[in-house]
Structures are given as structure tokens and as C-alpha cells.
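Using the sequences and the accompanying hints, generate a full structural model.
There are 2 protein chains.
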Amino acid sequence: MNGAELLVKTAVKAGIDICFANAGTTEMPIVVALDSEPGIKPVLCLFEGVCTGAADGYGRMLDKPAMTLLHLGPGFADGISNLHNARRAKTPVLNIVGEHATWHRASDPPLAMDIERLAGSVSGWQRTNKAPEALSRDVAEAVAAARYGQVATLIVPNDHQWAEPAGVRVATPKFSFAPVDSGRIEQASRLLRSKSKAALMIGGRALRSRGLHAAARIRAATGCALLTDGFPPYVERGAGLPDVPRLPYFPEPAIKLLSQYKVIVLAGVKEPVAFFGYKGVASQLLPETGRKIRIDTGRQNVIAVLEALADALDAPQYAKISGKIGSKRARPAVPSGELTGEKACLTVAATQPEDAIVVDEGLTSSFSYYPLGAGLSPHTYLTLTGGSLGHGMPCATGAALACRDRHVINFEADGSAMYTLQALWTQARESLNVTTLICANRSYNILKVELKRVGIESVGPRASSLMELERPTIDWVSVAKGLGVPAMSVHTAEGLARELGKAIRESGPHLIEMVIG
Amino acid sequence: MNGAELLVKTAVKAGIDICFANAGTTEMPIVVALDSEPGIKPVLCLFEGVCTGAADGYGRMLDKPAMTLLHLGPGFADGISNLHNARRAKTPVLNIVGEHATWHRASDPPLAMDIERLAGSVSGWQRTNKAPEALSRDVAEAVAAARYGQVATLIVPNDHQWAEPAGVRVATPKFSFAPVDSGRIEQASRLLRSKSKAALMIGGRALRSRGLHAAARIRAATGCALLTDGFPPYVERGAGLPDVPRLPYFPEPAIKLLSQYKVIVLAGVKEPVAFFGYKGVASQLLPETGRKIRIDTGRQNVIAVLEALADALDAPQYAKISGKIGSKRARPAVPSGELTGEKACLTVAATQPEDAIVVDEGLTSSFSYYPLGAGLSPHTYLTLTGGSLGHGMPCATGAALACRDRHVINFEADGSAMYTLQALWTQARESLNVTTLICANRSYNILKVELKRVGIESVGPRASSLMELERPTIDWVSVAKGLGVPAMSVHTAEGLARELGKAIRESGPHLIEMVIG
Numbered sequence: 256m257n258g259a260e261l262l263v264k265t266a267v268k269a270g271i272d273i274c275f276a277n278a279g280t281t282e283m284p285i286v287v288a289l290d291s292e293p294g295i296k297p298v299l300c301l302f303e304g305v306c307t308g309a310a311d312g313y314g315r316m317l318d319k320p321a322m323t324l325l326h327l328g329p330g331f332a333d334g335i336s337n338l339h340n341a342r343r344a345k346t347p348v349l350n351i352v353g354e355h356a357t358w359h360r361a362s363d364p365p366l367a368m369d370i371e372r373l374a375g376s377v378s379g380w381q382r383t384n385k386a387p388e389a390l391s392r393d394v395a396e397a398v399a400a401a402r403y404g405q406v407a408t409l410i411v412p413n414d415h416q417w418a419e420p421a422g423v424r425v426a427t428p429k430f431s432f433a434p435v436d437s438g439r440i441e442q443a444s445r446l447l448r449s450k451s452k453a454a455l456m457i458g459g460r461a462l463r464s465r466g467l468h469a470a471a472r473i474r475a476a477t478g479c480a481l482l483t484d485g486f487p488p489y490v491e492r493g494a495g496l497p498d499v500p501r502l503p504y505f506p507e508p509a510i511k512l513l514s515q516y517k518v519i520v521l522a523g524v525k526e527p528v529a530f531f532g533y534k535g536v537a538s539q540l541l542p543e544t545g546r547k548i549r550i551d552t553g554r555q556n557v558i559a560v561l562e563a564l565a566d567a568l569d570a571p572q573y574a575k576i577s578g579k580i581g582s583k584r585a586r587p588a589v590p591s592g593e594l595t596g597e598k599a600c601l602t603v604a605a606t607q608p609e610d611a612i613v614v615d616e617g618l619t620s621s622f623s624y625y626p627l628g629a630g631l632s633p634h635t636y637l638t639l640t641g642g643s644l645g646h647g648m649p650c651a652t653g654a655a656l657a658c659r660d661r662h663v664i665n666f667e668a669d670g671s672a673m674y675t676l677q678a679l680w681t682q683a684r685e686s687l688n689v690t691t692l693i694c695a696n697r698s699y700n701i702l703k704v705e706l707k708r709v710g711i712e713s714v715g716p717r718a719s720s721l722m723e724l725e726r727p728t729i730d731w732v733s734v735a736k737g738l739g740v741p742a743m744s745v746h747t748a749e750g751l752a753r754e755l756g757k758a759i760r761e762s763g764p765h766l767i768e769m770v771i772g
Numbered sequence: 256m257n258g259a260e261l262l263v264k265t266a267v268k269a270g271i272d273i274c275f276a277n278a279g280t281t282e283m284p285i286v287v288a289l290d291s292e293p294g295i296k297p298v299l300c301l302f303e304g305v306c307t308g309a310a311d312g313y314g315r316m317l318d319k320p321a322m323t324l325l326h327l328g329p330g331f332a333d334g335i336s337n338l339h340n341a342r343r344a345k346t347p348v349l350n351i352v353g354e355h356a357t358w359h360r361a362s363d364p365p366l367a368m369d370i371e372r373l374a375g376s377v378s379g380w381q382r383t384n385k386a387p388e389a390l391s392r393d394v395a396e397a398v399a400a401a402r403y404g405q406v407a408t409l410i411v412p413n414d415h416q417w418a419e420p421a422g423v424r425v426a427t428p429k430f431s432f433a434p435v436d437s438g439r440i441e442q443a444s445r446l447l448r449s450k451s452k453a454a455l456m457i458g459g460r461a462l463r464s465r466g467l468h469a470a471a472r473i474r475a476a477t478g479c480a481l482l483t484d485g486f487p488p489y490v491e492r493g494a495g496l497p498d499v500p501r502l503p504y505f506p507e508p509a510i511k512l513l514s515q516y517k518v519i520v521l522a523g524v525k526e527p528v529a530f531f532g533y534k535g536v537a538s539q540l541l542p543e544t545g546r547k548i549r550i551d552t553g554r555q556n557v558i559a560v561l562e563a564l565a566d567a568l569d570a571p572q573y574a575k576i577s578g579k580i581g582s583k584r585a586r587p588a589v590p591s592g593e594l595t596g597e598k599a600c601l602t603v604a605a606t607q608p609e610d611a612i613v614v615d616e617g618l619t620s621s622f623s624y625y626p627l628g629a630g631l632s633p634h635t636y637l638t639l640t641g642g643s644l645g646h647g648m649p650c651a652t653g654a655a656l657a658c659r660d661r662h663v664i665n666f667e668a669d670g671s672a673m674y675t676l677q678a679l680w681t682q683a684r685e686s687l688n689v690t691t692l693i694c695a696n697r698s699y700n701i702l703k704v705e706l707k708r709v710g711i712e713s714v715g716p717r718a719s720s721l722m723e724l725e726r727p728t729i730d731w732v733s734v735a736k737g738l739g740v741p742a743m744s745v746h747t748a749e750g751l752a753r754e755l756g757k758a759i760r761e762s763g764p765h766l767i768e769m770v771i772g
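Protein chains in written order, with our numbering: chain A, 256 to 772; chain B, 256 to 772.
Each hint should be verified, as a subset may be incorrect.
Copies of one chain are not kept apart here, so a pair can be met inside one copy or by any two copies together.
[Said to hold, decoys possible] Below are the SDA-like pairs computed for lysine to any residue, each with C-alpha atoms no more than 20 Å apart in a straight line:
#	residue 1	residue 2
1	Lys385	Lys534
2	Lys450	Glu388
3	Lys534	Trp417
Hints listed in this document are in silico derivations from the structure and should not be mistaken for laboratory results. Here the structure is a predicted model, which means the values were calculated and not measured.
This is the structure:
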């Protein structure tokens, strides 16, 4: 068994069952080894940003790491943007990056880069394998580190992949959450009982249904409001679950909303900050005067922490309160006429199937979708946590592979879509049930919104040329078909409802270009 | 005048006339400022790898830096791969990267990354602007640093862009090459006169015609062979110029070729090394026994260095020897029948117009093109210096903008093309005379070649799935049309000759999918 086979076997034993790969010469032993292990499915992505974004989507859905296989420094570099999003989402990801043979590296061949430096920009854990004998242990440690909600990156020299270490056993990850901090639970419970107006702000794993149930119990016991950050990585939504509003995108309304609370308890999320800095507006969104406490660390299971807090508050079980705190069923009707962002959101809400996964990189076009989700049938909602464009299509790809029996709907801004459109090809190859909704407003509209905020109502033609996606208009139907995905263009809400309904009924990927006025 | 306007004015005064941009909120002041300066042309690219690859192509053609404008850490990260290629090519590039407002950065907002760490992976010079008053000086120093053949990266906080520094003057770059090292010239001249079999290996600026003339003079005076590295950034080619063969890609033939020389003089290029490490084959390609000397440093003008060596050798002027040393005119005929890589190369050589710029990322399909170039009419040839895929289409875009009166032909492997296909849209928007020749062998063929080298003749279905671009077949005609570029697919050499001829006669971009058996 060579190092590469040992690596693959260790990954599989640690629960890794998928590998998003774009490998090169330095990773060939690992590519060959994938045939020795039926437990792991290799998925070819035609750009590394697709590999890493897909691993993020997969990890968010299943709360366990997928593996990426990346070629040297350039391959890793191409994957950084979406690893940044994964890092902000606290998604478990295992990156395996090939490196030149140890004896060749010093000659600084053309493809050589400082991979460790690059890896450090996004990895919570990283290592360069020092010997084939340590490879299995390194992989196991990387997986364990990833499972705390981190990007873990292991760099593996090519000669260590080929080497045949003697007498090495397949290691297993040592992973366990740190115990709940009872002191903090007690403090938080005192604060919440103090009769001051309070909010419980939750994020990360806390937005899975068990976490939502615990949060709802705390709400029932104390009357606190529930909130989440502006860009939650993964939220379970729908009738019967508590509605957890997101903080508004712009800092002024977020600050205003939060200013009413004298007590803020944070779980699974750090103190919220403004997305961008605006002169005269604070970076920190929480009121300076109130009392605030974070009840978990990144090493704890935030769901267990919330349940401990609910128990400390003698909160009723969720079954007893779901009728009161769970959202009521409410599905909008399909609107009519020319599409706008709002109408697109209403149409999707009216049409989406049970258990849908909604990946939202629609930016200005899909701002109004989230609130509609509270009353729909159960679904999962994923956002662009790190703000790095080109996340939606890869994430949808990974989510669809994680949950093959669910339908993925991807709101995708046309500007963002262009970043990682290679994902469509993988969706076609793997026959994934993803419907991509291109929000074709044909501009970087968010930039115009941001300019207006700073008082600039109009700009010159050169500045304008950098914000318009016209000249030429991208024909998404043609692009998608070229990459193997059937596609349609619609201009009206009725057209969208019809085509989305059809896409949901048919299996395999679809793309619908929504021309938005 | 705010900081952003000062930045733009300084860049223009320093000779920067183009800006490849994909800006975001943090760079908006610079975007707005572009309208205050007619001397700089903004070019929108829909992915940052296109911005940086285009800057590389532009810089290679004109031997001066283009500017990129990139959005925060994620924007820079997306541009790293092609900056790696630019670094290996020693192309002058000026990156301007926006950063959050200084007072906002510490709150670690979602888009925050360690930009300095990322910049360090590819930049020969980098700085984060510390005050608006220093902005003009920083830009001037960055441009000066870039002109030595480096990637220079200046990170500019958003508040420094908006600020209005008082009494600041527009700085100008202080740039001059270091003087020629006469000691080394003398040493090299002694070695070349020693009657040992010698080779002069040249790279970088030395491959421009003045450098080639100087090298030819040295050859005429000493009988030395001329060589260049495996992946030269920019070579002027054609009848009347000396033919400078490239080192073979694989180390064994390269080592064999070089082993015949007892003296090696290097100019504008470091000692050659193998692209990848293969067990039992040396990394270093030069013979250990011979004598070798590099006659320039990165701070010197290698053309002046070569001319000094030619003069030291009392070499005849080029006009007197061009008839003997310059390549003879020899243009192949268009072959016939089903396309292969070889036939595609012959057809392009038979059809390309005078003064063509040939950007070669054809990998296994275009291996046989370079030797044909010696006898053609004058043209320029650019290669994938750093091995990081996705270089060709952006590089062709930048080269076409640098030389609007020349026709660019881009050999583009289908696997590589998928990395940065967004470049096609910019080619359409700017009506660039680029013909992209997709080498559609529908596989990562180079990986199969590399596997055979290590004795693996066949692999399992999983490994195979990671090397095949089938299922689905990419329809490049549809993809290109979707991005605004007229496209055709051809299967025969005659078809290629016809379509390439048409594309050359018509203005604007074209794409020809060459289906290669």
C-alpha cells in the first residue's frame, strides 16, 4: 500500500465519502488510488473554485467534511475564494494539495509556490506531510480538525504519495466537542431572567432544527427575541419551525434593530459587524450599553450548549410550544407580469417543492426571499457567508450531491454566476437536481446601490462601464447548453412559475435565465 | 483631489494607460476617479483571473505595466494563478487592491482576509498604503518596482481613497537599470573564446529582436549555440531572426541536449530545471561538469548586457550576419484530412498573418508549433511560463489590447480554456482581433502522458473520470456565442484553414473549436 492509497483509506475510514477534484501530475498517485477504495466518490470539477465551493455546500448540508484534491499552489490559489466563504461559514472541509517531490522542490520549478503561505490565508488547520509514515496520522488529524468547523489543509509531496511505508496502520480521527461551560450557561440564564429586553442571536449549527428547537424553548421561557447574522451558512426554515430573522444588510437598520435590546446572548456566532465600513457609522452593530455574552466557543457543540441553557431555564419541550412559536403555514400566490426581484422571490416561494435546498447568491435580486421562507414547507437556506463571489453554483453542486433526493434551487446573480460557471458542467455530468435561476439584471447592481449610499447618484461613462454587464449581453441559455445544462429564458412571473415547475418535475440540472427589469 | 484621483493621476503620469478591473464597494472611489483621467482605459473583466492574465499579456507585449483593480482579499485570491504566471514571466504588473477602511478592518468583517499574506505569494514588491499623503509616492514606487519585471501590489484602504490630502504633488517613478557588470562580461567572453563547445541560453527581454540580434552576433563571433528555456514569456520569431530553440519539456532529452556543452552562458534566465520531479532524474538540467555563468541580474537590462558581451567579443553587427544566421523563409502547406495536433499546428503556420501574436496554451496539442515559427513571417510567441492553467485567453485579451493592429491567435487546450473562459466576454466587448483555437481533445491529455511516463498504461474508471472531459462534451460554439463571440467547429485541416482565414479577415474575436482525434 503506497502513501496515496493510505491517504485515501484513512480519509474513507474517517467518514469522507466524496472528493471534489482537479488534479495534476503531482497528485496522480492519489487519483490512481481512488480506484482502490469504493467508499469515496470522485467528482471532477473544471476549476478549483468549483471544487472548494462544492465541498462547502456538501459540508454545510451533512455537517461533515468533503475532500478536495488540488494541484499545487496554483490549484489551491484558484480555490481560495470559496474556501474563504467556507471559513466564514465554519464548514468542515478537508483539502489535499499535492506538492512537488521533496527533493525537487528546492530547485524552484515553474509551478512552485509557497503553498503553506496560501493555505494559511483560509485554513484553521494546516500541515505539510513530513514523511510517508506520518501520512495516515496527518489525514486523521486533518479530518478531526475539520470537524470542529474549519478548513483543514494537508499538503502532500508527490514522493510521499508514491512511497510504500512499512507497517503503517490506518489512523482514525480523535474528535470530540469540548464540554458545555456551565458557568456561562448560568450567567446567560441570569441575564435572560433579568426582565431586560433580550435577544438570542444564533448561528452555525444552532440553525439546524435541533438548535432551532432549543432556541425556541429559550424564547418560550424568557420572551427573548431570536435573531441570526446577516449571512447565515445554513438555516432550516418553514412552517412549524421558529422564524429566525436575519440582521439587515446595511448597518443603520441593523444597529437600530439591535439597540432595543438590553441583553444579547450569542450562540454559534460572533458579535455582528457591518459588512462594509461607512464614514460615521459604527463597525460594531451591538449596542455598547447593553450586556452581552457568548455562551459557546468554536470547540463546543452549540446545539448542546443551547439545550443546556434551555434546561437551565426550565424551558418547556419544543413539542409543547411548537404550535405557538413555530411559523404558520403561508405560501404566497404566483404574481403576474414582468419579472422584478420581488416577483421572482414570490414565484420561487410559491413554487418550490418540499425539502428544497435554496442556495442564495442572488444579491440585490433575492433580498426579499428570506422572510417568505418562514411559512413555506420545510426547506434549507444557504447564503454567501464570506461575500466572495462565485459561491452559489459550486455550493448548489455540492449540496445536490449531499442530498440527492432533494431539489436545489440556486438564486444566482448574473455577475456572480460568471465567476464559477464551470459548475454547470459538473451538475450535468452528475445529473444533479439543481435549478439555477440567473438573476439577469445585467449589472453589478449592488455597486450602484452602494454608490447611492455615499451620495453618488450618477457616474461618468468609464465608471459606468465597470458596473454594466451589457455590451454584449450574456446569453445564459446558450452558455448553459454549451456546458450540458438545458436552459430557458423568462421575462414574466408566470413564465418563471411554469419553467421552474417543469424543472422541478424533470430530473437533472436546469438553468432559467430570469430577465429582471 | 481625493486619494483615488491622486492614485489614478500618478499611475497615468507613470505611463500606465490601461486598467483591467473587477472592482467592488471598497474600490468605488478609484472607479469613479477613472472618469477624471482620459489617459487610462478601464477594461471590465468578469473574473479577476482574467484581469491579471490580461495585465500579463499586455505587459509582455509592451514591456510596461498595466494596472489591475481588484476587490479585497477574495478578488486578489482569484487573480493569484495568473499573477504566478506573470511572476515567472517577469512581466511588469501593477496591482491595486482595495482594503476595508482602516478603522473598519479590525472588526474582521465578512470579506476581510490577510491580503498582505496573499500578495506575498506572487509579488516582488508590495505595500499597504499607510496614509493618503503617501499614496502618490506609493504608486510611483510600485510602478518603478514593476518595471524591473515584477508583480507590484499596492493595497489601498477605502478611507485613504476618499480622503483629500492637502498639498500633495503627483510623484513620478524613479527607475533605471543597474549598470552592466563588466567583470562578468569579461568572464563570459573568456569562456566563450575558450574553444569549448558552448551554448548561450537567453530569456526574458533578451528574446525581443534587439536581444536576439545581440545573441546572434555572439553566436557569429564564437560559434556558440542559442537556446531558451522550455517556457519563454515572449519570443520574436520568423524569417530573418535567429532561431532560438526551446529546451524540451521532459528532463531526459533536455539533459541530453545540454550535456554536449562544456560552457553555458545564461542571460535573462535562471538555470533550467525540470518541470516536474521524476524519480531517478535530476532536477537541474545543466551538466554538473561544465562551466556556467549568468551575466545579468534582474536589475539589469539584459539587452544591454548581451550587446556589451557582443561588443567585448568584437562581434560583427547583425546587419552583416542576418543573411547567414537569420532563419530562412519556410512556410508549410495546409495539410489535409482529420485534424490532429500536428496538423493543427501546420495549418496555423500556413495561415497566420504577418505580425501575428501567438499565445500558446495548447499543451499537448500544440507541442509541434514552435519549431515551425522560425521560417514564417515575423510574429511574437507567448507561452504558459508558470504552468498555472487558464492563462491563454486572458493573456490573448491583454495582448490584443496592447497591439490593436495585430492579430492574436490563441492555441487553447479545452481543459485550460475552461479555467478563465470569462475572457471571451471581454474580447467581445472590446472587439478584439483574437482568434481562439480550442484544442478539443476532450481530456486532460497531459496527465495521461505523465502517467505513461511513470509506467501506468491504464487506470481504473474513477481515475479515468478525472482525466476525461466527456460526459457531457463541452459545446464550445454554444459557450462562445453565449459570451458574445462568433464561433465554429471544425474537424479537418482544410476546415480549419478556411475558418481561420475568415476569422483573420473579419475584425473582432472569433472562436474555432478544433475537434482533435
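Now for the hints, and whether the structure bears them out:
no.: 1; hint: Lys385 <-> Lys534; verdict: between (49 Å within a copy, 18 Å between copies)
no.: 2; hint: Lys450 <-> Glu388; verdict: neither (59 Å within a copy, 52 Å between copies)
no.: 3; hint: Lys534 <-> Trp417; verdict: between (56 Å within a copy, 10 Å between copies)
Comparing the model with each numbered hint stated earlier shows that hint 2 is the single one that does not hold.
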